[in-house]
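Peer 1: Convert by adding 1313 to the 1-based position in the sequence shown; the result is the number in the numbering used here.
Note that these hints are calculated values from the structure, not bench results. Even for Gly, the Cβ is constructed at its ideal location relative to N, Cα and C. A portion of the hints provided could be inaccurate.
Stated by the list, open to error - With beta-carbon atoms standing in for the labels, derived distance ranges:
no., residue 1, residue 2, range
1, G1359, S1338, 41 to 49 Å
2, Y1331, T1362, 27 to 35 Å
3, F1356, V1334, 41 to 49 Å
4, D1330, T1362, 45 to 53 Å
5, Q1332, Y1355, 42 to 50 Å
6, L1339, G1359, 26 to 34 Å
7, I1357, A1337, 26 to 34 Å
8, E1358, S1338, 27 to 35 Å
9, L1340, V1360, 39 to 47 Å
10, G1359, D1330, 25 to 33 Å
11, G1364, D1330, 31 to 39 Å
12, Y1333, G1364, 47 to 55 Å
13, F1356, W1335, 23 to 31 Å
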Amino acid sequence: MRSGPVDREEPAGGQGDYQYVWVASLLVTLPVLLLFSFGLRYFIEGVATQGRKG
1314 MRSGPVDREE PAGGQGDYQY VWVASLLVTL PVLLLFSFGL RYFIEGVATQ GRKG
């Protein structure tokens, strides 16, 4: 399977709509960071309790 060339279309003025790119990247990244930050606490607790006996 081959992919085509990746090219970005820009309007005639050469100015792209980067605000949409920023919003889309924020909407994708923010939930992942929130899940990671809340889940990291439980992961560390699990690792810390593995060394205990009894």
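Peer 1: Determine for every hint whether it applies to the structure shown.
Peer 2: Hints versus structure:
{"no.": "1", "hint": "G1359 / S1338: 41 to 49 Å", "verdict": "violated (31 Å)"}
{"no.": "2", "hint": "Y1331 / T1362: 27 to 35 Å", "verdict": "violated (46 Å)"}
{"no.": "3", "hint": "F1356 / V1334: 41 to 49 Å", "verdict": "violated (32 Å)"}
{"no.": "4", "hint": "D1330 / T1362: 45 to 53 Å", "verdict": "holds (49 Å)"}
{"no.": "5", "hint": "Q1332 / Y1355: 42 to 50 Å", "verdict": "violated (36 Å)"}
{"no.": "6", "hint": "L1339 / G1359: 26 to 34 Å", "verdict": "holds (30 Å)"}
{"no.": "7", "hint": "I1357 / A1337: 26 to 34 Å", "verdict": "holds (31 Å)"}
{"no.": "8", "hint": "E1358 / S1338: 27 to 35 Å", "verdict": "holds (31 Å)"}
{"no.": "9", "hint": "L1340 / V1360: 39 to 47 Å", "verdict": "violated (31 Å)"}
{"no.": "10", "hint": "G1359 / D1330: 25 to 33 Å", "verdict": "violated (44 Å)"}
{"no.": "11", "hint": "G1364 / D1330: 31 to 39 Å", "verdict": "violated (52 Å)"}
{"no.": "12", "hint": "Y1333 / G1364: 47 to 55 Å", "verdict": "holds (48 Å)"}
{"no.": "13", "hint": "F1356 / W1335: 23 to 31 Å", "verdict": "holds (30 Å)"}
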